[in-house]
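Asks: Turn these sequences into a full structure, and let the hints steer you where they fit.
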Amino acid sequence: MFIRYGSCERKGSCGRTILVLAILLGVSAASVVPAIAQENTSRVSLASVDSQTQAALTHALKLDLQKYIDNHMGRIWDQEKQILVNSVSVSGKGELIVDLSKGFLPPKPARIEENRRDQMKELYVEVIDPVLSVDFRNAPVIFTFDGRSMEEVQPEDPTLKPKKKIRASIVEPKKVVISASHGLFYNHGNKRWEYQRPDKWNGIIEDLLTPSHVVELAALVTTRSEDDVYEPRTRSTTINSTTKRPWWEMAARYNLERVYPGRTDIWGVTASPNDPMREYNKDINSRPRYANEVGADALISLHTNGSKTNPNARGTWVLVKTDRPNDYALGQSILCAMKEQIHAVPAYSDYHVDEAPRESEAYGENSGFPDIKKVVVETGFHTNVDDAAALQDPVFITAAMKGVEKGYRLDRDGVTCAPFKITSIPNVTFTYGSGLQKTPILIQGSPRYPIVYKSEITSCSGSCSGATKTIADASGLTMDFTCRPGGSTTLSAKLKATMTDADQVVSTYEHSVTCKK
28 MFIRYGSCER
38 KGSCGRTILV
48 LAILLGVSAA
58 SVVPAIAQEN
68 TSRVSLASVD
78 SQTQAALTHA
88 LKLDLQKYID
98 NHMGRIWDQE
108 KQILVNSVSV
118 SGKGELIVDL
128 SKGFLPPKPA
138 RIEENRRDQM
148 KELYVEVIDP
158 VLSVDFRNAP
168 VIFTFDGRSM
178 EEVQPEDPTL
188 KPKKKIRASI
198 VEPKKVVISA
208 SHGLFYNHGN
218 KRWEYQRPDK
228 WNGIIEDLLT
238 PSHVVELAAL
248 VTTRSEDDVY
258 EPRTRSTTIN
268 STTKRPWWEM
278 AARYNLERVY
288 PGRTDIWGVT
298 ASPNDPMREY
308 NKDINSRPRY
318 ANEVGADALI
328 SLHTNGSKTN
338 PNARGTWVLV
348 KTDRPNDYAL
358 GQSILCAMKE
368 QIHAVPAYSD
378 YHVDEAPRES
388 EAYGENSGFP
398 DIKKVVVETG
408 FHTNVDDAAA
418 LQDPVFITAA
428 MKGVEKGYRL
438 DRDGVTCAPF
448 KITSIPNVTF
458 TYGSGLQKTP
468 ILIQGSPRYP
478 IVYKSEITSC
488 SGSCSGATKT
498 IADASGLTMD
508 FTCRPGGSTT
518 LSAKLKATMT
528 DADQVVSTYE
538 HSVTCKK
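Quick note: the sequence shown uses our numbering, first residue 28, plus one each step.
Keep in mind that the hints were calculated from the coordinates and are not lab data.
Keep in mind that the hints are not guaranteed to be accurate.
[Unchecked claim] Label-pair distances were calculated between CB atoms; the ranges are: (1) His-215 to Glu-179: 23 to 31 Å; (2) Ser-451 to Thr-265: 52 to 60 Å; (3) Glu-199 to Gly-489: 52 to 60 Å; (4) Asp-413 to Gly-441: 29 to 37 Å; (5) Asp-413 to Asp-77: 32 to 40 Å.
All C-beta atoms, glycine included, are put in the ideal place defined by N, C-alpha and C.
Replies: Encoded structure:
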């Protein structure tokens, strides 16, 4: 959950003056800056702001991060009790660098597993995002450890070797892995089977909700994108003999163990074999390795988000690995299409969808295998009452997953996503008796055909009538009008055009027609 998008809620310098005053008064930045920014496309780079603002921001974050680590963040079994925030700084490229002490890391050099990545996510969601979300949401946040990057502290992992893709034909379908988050796993600490996200928030246990989102998305990718879908978690309703729960509730690594017996390089990978949470870590590690095994072109992981401290945090995020431009492009396309599809539903016309992906090292699902495009889609916050209601609403689920599918398909086809919109219908003048005239309609975006076109008369200086037609494809994008024979005086009409595509995305445009002798 590291950010690459920014917006200001207010004109001018937004919260910068407030932020500086907060430091002078000894108040934390998080206590004076709202957690979620309003919709805005402006961008502010940390590299471009003055040194006083940078100093105020980094000082406030250092204090708030240390306070949260000391008082709220739990410790992993082999983690030091004292974890220091050495520094928070801004790089020349505008990245926010959070340097933690080596007490955060495993005692011996090893891959940073998902339970530690979860701590990084927690620090981002609970502390960093509430500050960055107002002014500096375009700033990537990078964690380092005593000055060393994640790549420097982790030894090379031989299980991350990409598998060569074999294509029988360049026109054969792509392979897409769609991964439902989490699932039942065995906790060696309390010696119980439990859900990876066991807390129930607003009626939601994430592990049991996202499989329904996968069913929706898989059907759309199969029918609309016409690509092959693979799922690491199973849909089977048969009962697992060990857990006495249906197999569909199980984490992916257990299903993959059935499918690939003996392939511990897929479902049994952990850098910490004595960790009580090792089965959890194996599960997250199994998902990109499974995608590699099947020769996937893309891995889309569906999650819901959560905040322990901020019930107002809400909206759709997409997370990609830092410095992966292809993944970033896929994430950007998915967000664009999700916003279009969700906002087409009147009940969700103001649902918050991020403008751009957030770059993150905190998701194991996005790790390794650079030849596979990978994104994590956090569809909404189950800890927010309104988001939670949406996440369980079949209408919202369908709209959101239509967006994910469309964003994936456009990126696959090399088409830049843009929301469907009428951009121009020229004001025109025709002569009486000239017959049916067709005026081109210019649009942006990639609407789903057929489109229903409705022309309504909003004013007319004579006798006028509207029209409705169905547009089967792009060749039919015309405004059709007839100035009937026999007129002797100039007639002026103002019209409102409404176009509704097959996904119920609507765009309107006002224009005029004049008939003269």
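Asks: Compare the structure with each hint and give your call.
Replies: Hints, verified against the model:
The hinted range of 23 to 31 Å is satisfied by His-215 and Glu-179, whose Cβ atoms lie roughly 30 Å apart. Against the hinted window of 52 to 60 Å, the Cβ-Cβ separation of Ser-451 and Thr-265 comes to about 57 Å, which satisfies the hint. The supplied range of 52 to 60 Å is met by Glu-199 and Gly-489, whose beta-carbon atoms lie about 59 Å from each other. Hint check: Asp-413 to Gly-441, Cβ distance near 36 Å, so the stated range 29 to 37 Å holds.
At roughly 37 Å, the beta carbons of Asp-413 and Asp-77 sit within the given window of 32 to 40 Å.
Checked against the numbered hints listed earlier, the structure breaks none of them; every hint is satisfied.
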